[in-house]
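Trainee: Okay, here's what each chain looks like letter by letter:
Number of protein chains: 2
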Amino acid sequence: MNEFALIRKYFAPLAEAFPGSLNLSDDAAILDIPEGSQLVITKDAISEKVHFLPGTDPALIAKKLLRTNLSDLASMGATPLCYFLAVALPKPISEDFIARFAEGLAEDQKQFSIHLAGGDTITSATPVFSLTAHGLIPKGKALRRSGAKAGDGIYVTGTLGDAALGLLDAREGKKNALTERYHLPQPRVNQGVELRNVASSCIDISDGLLQDAGHVAKASNVAMDIHLEQLPLSQEAREKIAAQPELLPLIYSGGDDYELLFTLPEDATPPFPATLIGRVGKGEGVRLLEHGKEIPVQRLGYSH
Amino acid sequence: MNEFALIRKYFAPLAEAFPGSLNLSDDAAILDIPEGSQLVITKDAISEKVHFLPGTDPALIAKKLLRTNLSDLASMGATPLCYFLAVALPKPISEDFIARFAEGLAEDQKQFSIHLAGGDTITSATPVFSLTAHGLIPKGKALRRSGAKAGDGIYVTGTLGDAALGLLDAREGKKNALTERYHLPQPRVNQGVELRNVASSCIDISDGLLQDAGHVAKASNVAMDIHLEQLPLSQEAREKIAAQPELLPLIYSGGDDYELLFTLPEDATPPFPATLIGRVGKGEGVRLLEHGKEIPVQRLGYSH
Numbered sequence: 394m395n396e397f398a399l400i401r402k403y404f405a406p407l408a409e410a411f412p413g414s415l416n417l418s419d420d421a422a423i424l425d426i427p428e429g430s431q432l433v434i435t436k437d438a439i440s441e442k443v444h445f446l447p448g449t450d451p452a453l454i455a456k457k458l459l460r461t462n463l464s465d466l467a468s469m470g471a472t473p474l475c476y477f478l479a480v481a482l483p484k485p486i487s488e489d490f491i492a493r494f495a496e497g498l499a500e501d502q503k504q505f506s507i508h509l510a511g512g513d514t515i516t517s518a519t520p521v522f523s524l525t526a527h528g529l530i531p532k533g534k535a536l537r538r539s540g541a542k543a544g545d546g547i548y549v550t551g552t553l554g555d556a557a558l559g560l561l562d563a564r565e566g567k568k569n570a571l572t573e574r575y576h577l578p579q580p581r582v583n584q585g586v587e588l589r590n591v592a593s594s595c596i597d598i599s600d601g602l603l604q605d606a607g608h609v610a611k612a613s614n615v616a617m618d619i620h621l622e623q624l625p626l627s628q629e630a631r632e633k634i635a636a637q638p639e640l641l642p643l644i645y646s647g648g649d650d651y652e653l654l655f656t657l658p659e660d661a662t663p664p665f666p667a668t669l670i671g672r673v674g675k676g677e678g679v680r681l682l683e684h685g686k687e688i689p690v691q692r693l694g695y696s697h
Numbered sequence: 394m395n396e397f398a399l400i401r402k403y404f405a406p407l408a409e410a411f412p413g414s415l416n417l418s419d420d421a422a423i424l425d426i427p428e429g430s431q432l433v434i435t436k437d438a439i440s441e442k443v444h445f446l447p448g449t450d451p452a453l454i455a456k457k458l459l460r461t462n463l464s465d466l467a468s469m470g471a472t473p474l475c476y477f478l479a480v481a482l483p484k485p486i487s488e489d490f491i492a493r494f495a496e497g498l499a500e501d502q503k504q505f506s507i508h509l510a511g512g513d514t515i516t517s518a519t520p521v522f523s524l525t526a527h528g529l530i531p532k533g534k535a536l537r538r539s540g541a542k543a544g545d546g547i548y549v550t551g552t553l554g555d556a557a558l559g560l561l562d563a564r565e566g567k568k569n570a571l572t573e574r575y576h577l578p579q580p581r582v583n584q585g586v587e588l589r590n591v592a593s594s595c596i597d598i599s600d601g602l603l604q605d606a607g608h609v610a611k612a613s614n615v616a617m618d619i620h621l622e623q624l625p626l627s628q629e630a631r632e633k634i635a636a637q638p639e640l641l642p643l644i645y646s647g648g649d650d651y652e653l654l655f656t657l658p659e660d661a662t663p664p665f666p667a668t669l670i671g672r673v674g675k676g677e678g679v680r681l682l683e684h685g686k687e688i689p690v691q692r693l694g695y696s697h
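Those sequence lines, one after another, are chains X and D. For the first sequence, the working numbering gives the first residue as 394, with consecutive numbering after it. For the second sequence, the working numbering gives the first residue as 394, with consecutive numbering after it.
Treat the hints loosely; a few may be bogus.
Any copy, or any two copies together, can satisfy a pair, since identical chains are not distinguished.
What the hints assert, rightly or not - As a list, the in silico DMTMM-like pairs of lysine to aspartate or glutamate whose alpha-carbon atoms are at most 25 Å apart:
hint : residue 1 : residue 2
1    : 402       : 565
2    : 534       : 428
3    : 532       : 409
4    : 534       : 409
Read the hints as simulated data drawn from the structure, not as lab findings.
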């Protein structure tokens, strides 16, 4: 099956509900941006052996790629609109792979109200996938890393460290709630939208809590104190760390959480369930405290 | 050098003149679209051994990637605005490669008035690069593949087949005007803009003249007659084909021309030098004629 046939059979159905895609039948897509809106755009790429293990279900690869991008849109408070996809696969391109990859995308398009609008399919010795996601935000309302102020509370959605712990289990061939968190991030799209007029800063945690908190501290020109005992852990993470205490640092230094880290003015409360993990102060840098005492951190986070 | 340092040193300078990039320091870019404009978006990817030969100057790889995308914008009549870039390189990522790649981008950004607005750098066993280019067009003015009418003249910019002939020479280690055309497409950005209110249809020739003409014929629901003796050839292509007549089909079936194929109403003339190569008729499909007689075509074009 050649490139054009693959596009018509598997990718065009993902684009048909989005008029700007021109049904993937022209040289480019055409987007109308509603008056009073800005476009928020992000691009993430993943490759085999680095971001997913060989033999991973193509539907999961597709969803993980889409969701990591959705998480970036969420961190800016944007509403998902459309995406562009580059697929690089070894020759001959497996129709089964593409079929399953497109199935994964179709499921997530429904869940997150986003549509394929264009892309490219090429051959390459190693599988590599790249996605550019577009979202909408009312003018001037995008959440930024800058904006945190001394006195603000620091919050996170969900629980931390599950994906990093899950990667360890996945490498041993296990399947459980933790490996699911590793394979399938839950981008906090709705929460991002709800934070638009509320949060003073926001970022999604993809490289580890402390490293991403460091990005906010730097962009906002503030210090951040984070309290270890306040970090939200899942039951499964708690059990795994109880059995292997040396894994504790993965909670604050592990990657792939895709939770939102945000700051709120001192007197504000989150518009949805979230955990207060610390407080913004004057100065610079991020400190991790255990019962009020700073603890040394070996490795701040995951640098790709 | 880690990912963040690479971005700051080599990629942030490519983004600094474009405010929406937020200096590549946030989770996503924020784009303002002028009232009365639409956004035209395209995405192309390239991989080593498929789209460029190993050892190719990284600056040339970067330029070719950017220019193939610019060619898609040109085919819609759009003015270049900004682009998002995914770079996948073997570990450890070579700083020299990135430095030279960014140099190539910097040169072309100046030439084509476009800016980096975001992206991702990852590791991968094989080098793969993906780019999403954004352009602006006044509302409703985008050139499309559909729109050609019986009686319209069919035109092309520049000369045909040089890149396909140049690839043969490049494989033999030669360097000449043809290999330059293969390595470095000349996207017809200005011509695309000039065609906005003039052309009835437009496409860029990337997969071979006849195949791309076929896309226009199909989208416009018309037939196209193209006259072999009218096809514009460079002096170098003429000489090469005189020496090896069996290479003639590369003129109409070879890829990588990145010239514009467009149609104009019968009484219109092109707003810039271009070659009339045939005429739109009723019916369907593309015919290649030599002195009025249809000649059989073995291979329509390049299917990736």
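Trainee: Treating 25 Å as the Cα threshold, decide for residue 534 and residue 409: within, between, both or neither.
Mentor: Close across copies (22 Å), not inside one copy (30 Å); limit 25 Å.
Trainee: Can you tell me if residue 534 and residue 428 fall within 25 Å by alpha carbon in one copy, between copies, both or neither?
Mentor: both (14 Å within a copy, 18 Å between copies)
Trainee: At 25 Å max between alpha carbons, let me know whether residue 402 reaches residue 565 within a copy, between copies, both or neither.
Mentor: neither (36 Å within a copy, 38 Å between copies)
Trainee: Should residue 532 paired with residue 409 be assigned to within, between, both, or neither, using CA atoms and 25 Å as the limit?
Mentor: between (28 Å within a copy, 21 Å between copies)
Checked against the numbered hints listed earlier, the structure breaks hint 1 alone; every other hint is satisfied.
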